[in-house]
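Chains as they are written, first to last, in the working numbering: chain A, -8 to 253; chain B, 263 to 1027.
Treat the hints as calculated values from the structure; they're not laboratory data.
Take the hints with a grain of salt, since some may be wrong.
Computed list of lysine-lysine pairs in DSS-like fashion (alpha-carbon distance at most 30 Å, straight line) [to be verified]: (1) A:K34 x A:K55; (2) B:K1026 x A:K216; (3) B:K1026 x A:K111; (4) B:K541 x A:K14; (5) A:K130 x B:K541; (6) B:K824 x A:K204; (7) B:K351 x B:K883; (8) A:K150 x B:K1010; (9) A:K117 x B:K824; (10) A:K216 x B:K855; (11) B:K645 x A:K210; (12) A:K216 x B:K824; (13) A:K111 x A:K71; (14) B:K855 x B:K1026; (15) A:K34 x A:K130; (16) B:K883 x A:K210.
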Amino acid sequence: MKKLLLFASFSFLIGCDNSEEIKLELPEHDEQLAVECYLEDGKPMRAFLSQSVGYFENESIDMKGAYFKISSPDGDHVLKNENIEDPDYKKFYNYVSENTINIKPGDVLEVFVEDELGRKIRGTTKALEKVEIDTVMYKFHNSNQTSPIIFFHDDPNEKNYYRLTFSKLKSGIIEQDLVIDDYLFNGNGILNAGYSFYRGDHIEINLFHIDEKYYEYLKSIQGAKNANFSAFTQPYPISSTVDEGIGVFTVLIYDRITMKLE
Amino acid sequence: MKVYALLFTFLFPLLGIASDTQHKLVGYVYDSESGEVLVGATVLISQTENGAATNFDGLFSLNVPHDSTTQLKIQYLGYEAITASIFLKEDTIMSFYLTPVETHLQEIVVKNEDRLFYNANSHLQKIDMSKVNDMPALLGEQDIIKIMQMKPGISSGGEASSGLFVRGGKSGQNLFLLDGMEIYNPTHLFGFFSIFNPDVLQSANLYKGDFPSQFGGRTSSVVDIKMKNASDQEFKGSGGVGLISSRMMLEIPLVKNKSGLLVSARRTYADLFTEEINKANEDDPAFNPIPRYYFYDFNARFHYNFNDRHQLSVSSYFGQDDLHFNDQSAMDFLMDWGNFVFSVNSQHQFTDKLFVSNNIGHTRYAYGVNTASDFFSINLNTKISDYVMQSNLIYQVNENYNLLGGIKITEHQFTLNQVESESKEANLNLQDGELLGGTEYGAYLSNQFSVGKIADIEAGIRLSTFDNNQSITNLEPRLNFIFLPKSALSFKASYAETYQYVHLLANSGVSLPTDFWHPSNQFIDPQFSRQVMAGLNYQLSDDFVLSNEFYYRHMDNVIDFKDGGRIFINNDLQDELVFGKGWSYGNEFYLEKKNGKFTGWISYTLSWTWREFDEINEGQKFPGQNDIRHNFSTVLQYDISPRFSLSANWVYSTGNVTTLPAGRIIYQGVQEERLTDVPVYQERNSFRLRDYNRLDIGVKYTMKHKWGESFINLGVYNAYNRRNPYHIYFAWDESALDRGHEVPYVAKQLSLFPIIPSVTYSFKF
């Protein structure tokens, strides 16, 4: 529903071409510490530390001198300030550890960050069970297009949250990104791509099992971006999974399927 | 305050008793063509300042000298005035029939010694239905709500919106009545047009906040709209073809001078063209089908006048919007929303003192969303449905004193977020939703009395109750006072308390069909408003009327959403709501020229509107969504000749408040997510858009034929093509660095409607 309203809004923006650049005096913005830290079992620990800036100001990604610690059942890990780039996903990190981290479902992890200005970030997350994709079904229509649907088992005794992404393999673009709770299918997970792929496309499907805080964070990120362009939606402040700053600290648990549609 | 109001209401001062030298004249004033009663028509005794105005049922009562000839002058805006000589030997019932003015050149002649009579309805804004079709309108679609927005104290809430924001209130705080039945969503096309087809309307009256005690259930305003009766003398029709819709109305006499049937229909037709475009491109896989959208309205009204004392009418409205999207492989999306109303009204003049009207009916608003793909479907429905019974009486104790009373019972049923999701392949069949109910009662007593010729007082009390597993009862005093030191000058004051038990939950700045109604319960208290007003009316001349009012309004239990609150498919809605208070104050100036070739009005409002919630802006007060400091409207109409008339509207207002991000953060996301900037929103409503102003002009050309008349309306919306601000967003623009920007971000202002010409052809026979 919201996407349709956004469609209407974007149509006004693009179709009518009735927008013009204006000069704007925004109120002064208090910069806040921001972090994105996604952990995966068996992978190196990496994080991106930054700060919010005024809209028309230059952002600074030079966040030297911060103390960045991740605590897990294995012990404490201090990340060092080093800039590296992930060539596969084109991500940038400025706090990294050479060590990989071992995470099991149920593990509780914590993060603590303090920068040179004394600003702090604290956060806690718990690793969830992986939810596997049972089946992928699709049917081609006359136009050789299809919108696959995935089926998975959702625990009806718990409130669960998911993120489902569809993309063409190695395209660098997520064609469909659904962030959803289990209200509509409690027990029998079913999600539709809602995007048309063509016969012969190689696609990648990721089903993330996420916690409520990360779900709210993702919703707020989408909402804040949408509110910028849409006159129909109320502004959305970012709902962080961490305290005293902005951002996310979570464990990525997901099942991935790659397949060719034929 | 309520105790004093209660005492005042139940003191029955007998101020002025009909003398032995006078008889009572009671009767109705009708439209001679349609047979419809005329509300607010004046019956004056010539050469005096005595007179009376017809009430909402078209009824008047007047003391006239007995055993002598008395000249009466009966008049009503848009009709030819008539004079009548009467000689009463006893109390008499007599009705008068006025003919609508054919052309605007026929002036309503008012002699110097005659003055307009001010009754106690100073809080009433009437829309002159005879002028509606002459005014320029967006895309040629006349809209009475947009005309109301140009009256003092009322704002629209945004470009082309059909919302009403009255004295600091929100759109869900207005009571829209169509023949006594509530309309829950009075708009089409996401709020751009109203559902009210002006062709079928007899009257449209607006009360701002201090409405009489016969109305309840809302805290901001009452928009009381009545459909007209079909002609019961001859077959008639009218219709029109415009840029986006066409309409047709037929008036069918069933029993001469007694009964008639009115039917009308209106529909848009853009979808007929978009469907052809879609069909032509259905073999092109790269073509994105255009969503199909249309709306339609259907009105019907049957009336039967048994005699001058007893009348019956049955009216109905049905309208719907449909939006359908199918991208031929991913999903099929269908959304529809609309209102249904059915109402039976009866009116009885049992004696020359006692008048009773009854009304029973049903009203319903529903929206549904259906999404289907190959293996999965979801249906979502939300509905509010009312069954209503009400009865009102007017007892004329004497010429100077009317006693009004009545009762209204509304049985509400709410279906909220009723979801059905189904998939055979997943063995899924889920149904969920919330069914709520509640019964709303309202009972009132009101005294309307005159103190000699120098004061009119309306003192009423309304008792309202809402039953929903728990019972909430409140008293609502309503006081209205007019002091007339001389016939051309009156001072007015009012005080009103109102409660609202059914709430519109809307998490957007614009009217959306997915906004829904929710009853008060253990989590949601009734909304409350207290308003005081003081001002004056001054008749500068026979043609010019001036009004100035100051008001202050306080609101409790105002409902809003917490930042990021979600209403869609959310069973824990109460967790998303926040409750606070609001207040609004201001001054409204109004100058109107009612008669002559050149008519129109100027309206100016200076106002402030505030809100305060613990959970928003850290509990600091902030401007309400419709806080508009200066709001100015000019509406002008000029009859050049019997065939040509010109009209122009010019509106100016301070910009709306909006929420802009204070800053941004870099967001990378995971895997293939692209690096973007995400706005950081902090303080709500901290920024004000640029001022808004717009000029609309129109020309109407009338052609006479043997079979009737036809009209061509040419209009231009936003004649000087001003780019009024609708929304501000931030966009990436690398060329901004070349222009000296520090970062490649620019602020952009979106405007909605540029200059838009329109042409409409309409006819009547």
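For each hint, the structure was consulted:
A distance of roughly 24 Å separates the Cα atoms of K34 of chain A and K55 of chain A; the hinted pair therefore holds under the 30 Å criterion. Annotation: proposed proximity of K1026 of chain B to K216 of chain A is violated, straight-line Cα distance about 51 Å (limit 30 Å). Our distance criterion of 30 Å between C-alpha atoms is broken by K1026 of chain B and K111 of chain A, whose separation comes to about 74 Å. The suggested pairing of K541 of chain B with K14 of chain A is violated, with an alpha-carbon distance near 44 Å, which exceeds 30 Å.
Straight-line distance between C-alpha atoms of K130 of chain A and K541 of chain B comes to about 22 Å, which keeps the hinted pair within the 30 Å bound. Straight-line distance between C-alpha atoms of K824 of chain B and K204 of chain A comes to about 17 Å, which keeps the hinted pair within the 30 Å bound. Using a Cα cut-off of 30 Å, the hinted pair K351 of chain B and K883 of chain B is violated, with the two alpha carbons roughly 66 Å apart. The suggested pairing of K150 of chain A with K1010 of chain B is violated, with an alpha-carbon distance near 41 Å, which exceeds 30 Å.
For the given pair, K117 of chain A sits about 27 Å from K824 of chain B by alpha-carbon distance, which is consistent with the 30 Å threshold. Annotation: proposed proximity of K216 of chain A to K855 of chain B is violated, straight-line Cα distance about 50 Å (limit 30 Å). In summary, the hint linking K645 of chain B to K210 of chain A is supported, as the alpha carbons are separated by about 27 Å, within the 30 Å threshold. A threshold of 30 Å between alpha carbons decides the hint, and for K216 of chain A with K824 of chain B the separation of about 18 Å falls inside it, so the pair holds.
At most 30 Å may separate the alpha-carbon atoms for a hinted pair to count; K111 of chain A and K71 of chain A meet this at roughly 16 Å. Only pairs whose Cα atoms come within 30 Å are accepted, and K855 of chain B paired with K1026 of chain B is accepted, the gap being roughly 28 Å. For a cut-off of 30 Å, the pair hint linking K34 of chain A to K130 of chain A is broken: about 37 Å separates their Cα positions. For the given pair, K883 of chain B sits about 27 Å from K210 of chain A by alpha-carbon distance, which is consistent with the 30 Å threshold.
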